[in-house]
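There are 2 protein chains.
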Amino acid sequence: MRDVAVVGVGLHKWGELWDKSLRDVFVEPALAAIDNAGVDHIDSMVVGCMSGGLFAGQEHLGSLLADYLGQAGIPASRVESACASGGLAFRTAFMEVASGMSDIVLAGGVEKMTDVSGDGATYALATAADQEYEVFNGATFPGLYALMAVAHMHKYGTTRDMLTAVAVKNHNNGSMNPYAQYPFKTTKQEVEESVMVASPLRIMDCSPITDGGAAVILTTVDIAKKLKKPIIKVIGSGHATDSIALHSREDMTTLRATTLAAERAFKMAGKTIKDIEFAEVHDCFTIAEIVVTESLGIFPAGKGGEAALRGETGLDGKFPINTSGGLKSKGHPVGATGIGQIIELVKQLSGVAENGRQLKKTPKIGLAQNMGGSGGSTLVHILEVI
Amino acid sequence: MRDVAVVGVGLHKWGELWDKSLRDVFVEPALAAIDNAGVDHIDSMVVGCMSGGLFAGQEHLGSLLADYLGQAGIPASRVESACASGGLAFRTAFMEVASGMSDIVLAGGVEKMTDVSGDGATYALATAADQEYEVFNGATFPGLYALMAVAHMHKYGTTRDMLTAVAVKNHNNGSMNPYAQYPFKTTKQEVEESVMVASPLRIMDCSPITDGGAAVILTTVDIAKKLKKPIIKVIGSGHATDSIALHSREDMTTLRATTLAAERAFKMAGKTIKDIEFAEVHDCFTIAEIVVTESLGIFPAGKGGEAALRGETGLDGKFPINTSGGLKSKGHPVGATGIGQIIELVKQLSGVAENGRQLKKTPKIGLAQNMGGSGGSTLVHILEVI
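Residue numbers (this note's numbering), protein chains in the order written: chain A, 1 to 386; chain B, 1 to 386.
Pulled out of the complex, with its shape left as it was, chain A reads as follows (with noise of 0.2 Å):
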């Protein structure tokens, strides 16, 4: 396999985007990207997607895409692992350039949530699940992860506090970030006065809907290095899954896939979770966040909540999670998510992460998690700058 490296990022900002097309909300980081790389042209593209079909009407993503941004010919697909869909773009991606089939790759992820109208976001989205054993009974992706919640909670003495820290922080985060959807600070009293989802879930647990799209380019490191970019080399990648539906699993308080993702992740690129040095993980949920990052290994097994409360996990803390505020206050177009904490990365290890929130010491590396539905496929990444 050749060395393969993240030589280009595009973003615009997140939110409900209703003067923007599908289309539009993919193109404009697209070009942005390829200017980023400063690449005279891309041989290949994938686009993640969770459900053009249902959000959009609009299946063939792939081929309508490459077409809009002007490369009808190169050989483009669209894959999908529901709000993984991004990261499993980048994985393809990298597999494409390290396998020798391509140089140059865009890979991208969008999602245009906004337009449906009704409960036909939530139908969408819990098409994740389990169709037949989860959502015909009624369950939705809020009523998913509060049970986990409640497991964790049961289990390990999780409390409100410290589901509030990981949305506090990650509000605080977001704030400084330009292309956030909600880009503002919030409060424990407004976290814990806000609306009940679906208890102990309040609004200010849950991520957003959004409409967004990303890209990147991947290419080999020679290719890299003869555009004089810093080299942001991706050592490693971990895919997996685990039954989508949570009643098949053994435990709820863990996410297995996550682990077996990130030990997948660990075993390519030599390392372990002491050489991480910072991460962005899914917290589509406030809950979410916690078990990830016990399931990662950086915090043991019911730890996750306490390290967030004393605040481990934020900027100046031991170990930084979602420097960028995360899904909850960048937003969460779920086909674009994955490919967004890759920029966000690329950001951190490049020293230019935007209005005082990049990392003191600029970081050499850094790790992605990325999962679908209620963690039933993961996608794990580690960058690091060589």
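Please keep in mind that the hints were generated in silico from the structure rather than gathered at the bench.
Just so you know, not all the hints are guaranteed correct.
[Unchecked claim] Partial list, computed: chain A residues near chain B (C-beta under 10 Å):
#, residue
1, Y123
2, H239
3, R256
[Claimed, not checked] Listing some non-contacts, in silico: residues in chain A with all C-beta distances to chain B over 10 Å:
#, residue
4, K226
5, K271
6, P300
[Claimed, not checked] Once the Cα atoms are required to be at most 16 Å apart in a straight line, the calculated EDC-like pairs of lysine to aspartate or glutamate come out as:
#, chain 1, residue 1, chain 2, residue 2
7, A, K225, A, D3
8, A, K20, B, E132
9, A, K364, A, D275
10, A, K318, A, E277
11, B, K20, A, E132
12, B, K155, B, D251
C-beta: ideal position from N, C-alpha, C; glycine also.
Since chain A is already given, all that's left is putting chain B on it; use the hints.
Okay, now just chain B, sitting in the frame of chain A:
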């Protein structure tokens, strides 16, 4: 890149499978493929599906189907390129093995199309066309292919007789395929008196709505040798896109993405069309087969219809096309179709095609062409017995 071979295939009878769920439709052929390959595990899985969301209210299919297959934990992806999703799954799995990322990968495809009510299937299929520019204005796929047929007739003098010859041939071949949805022979009179769908295309010019799955196992040539399998090597893989909207193309009588994908596959294989002995092509409509045979270079532009009428594409012809019965007779479960084509290549190359449709001289090299929408994406694969 490592050399890659197909070592196992699995199929079941396609049709209106109201007694089977989406999961069953996939897992049955997946288990058959694993059994046929004689492997004791798979490292990874890629599933092609066009619209799990619109046809079955279920996305996140990689994880769901891996779990139902008893393989929760492995990396499992879903890829989509409309009706070329199966071909894309095959290419993605090929890259994964070629790259060294995984040794044994299952490439599958599935679509459960008959569980939607009313015009649900027509709406879902139309998401392979340009929703904003074509579908919004009333276009459906029979309509789009009818436009191509009229243009081809006008430019080249293609006739009703020639379209009919494709349907009669494919049903003749399909009558010998135990897995075909419509394994009956038909006649010129039956085709030409069948109900009009979109002039000049009649119902017997159209492939059906189908429930079906298919799976193959890919591994390295080195592992294939240890399995003591005939070595059916993937010598070429080509992928190309075009505008998915017909009106954006320079010429409606040719398929540019097919020509481009074939050029790329031939380049990788070090072959030309003259080296190919037979092909499975994407006859979603009779006119499609004619245009594809021209775009692949099997026949000169405008001569595909005459060749079909002369019997050159029959089982005993100079260049047999769709020995399986094609989409027309075998059925067209859109996500599975591309994998079904690969299975027919493997059977013919192995000399085991059922019920008298095996080519008299067992071929050494064959080609599969699978396309999305009205040709907005195309995958071409070339397999050779070595």
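The hints, checked one at a time:
1. Y123: 8 Å, holds
2. H239: Where the cut-off is 10 Å and the nearest Cβ of chain B is about 4 Å from A/H239, the hint holds.
3. R256: 8 Å, holds
4. K226: 22 Å, holds
5. K271: Holds: least Cβ distance 18 Å, greater than 10 Å.
6. P300: For A/P300, whose nearest Cβ neighbour in chain B is about 23 Å away, the distance exceeds 10 Å, so it holds.
7. A/K225 / A/D3: 12 Å, holds
8. A/K20 / B/E132: Distance ~13 Å between A/K20 and B/E132 Cα, so the pair holds.
9. A/K364 / A/D275: 10 Å, holds
10. A/K318 / A/E277: Holds, because 8 Å separates the two Cα atoms, which is no more than 16 Å.
11. B/K20 / A/E132: 13 Å, holds
12. B/K155 / B/D251: Roughly 11 Å separates the two Cα atoms, so the pair holds.
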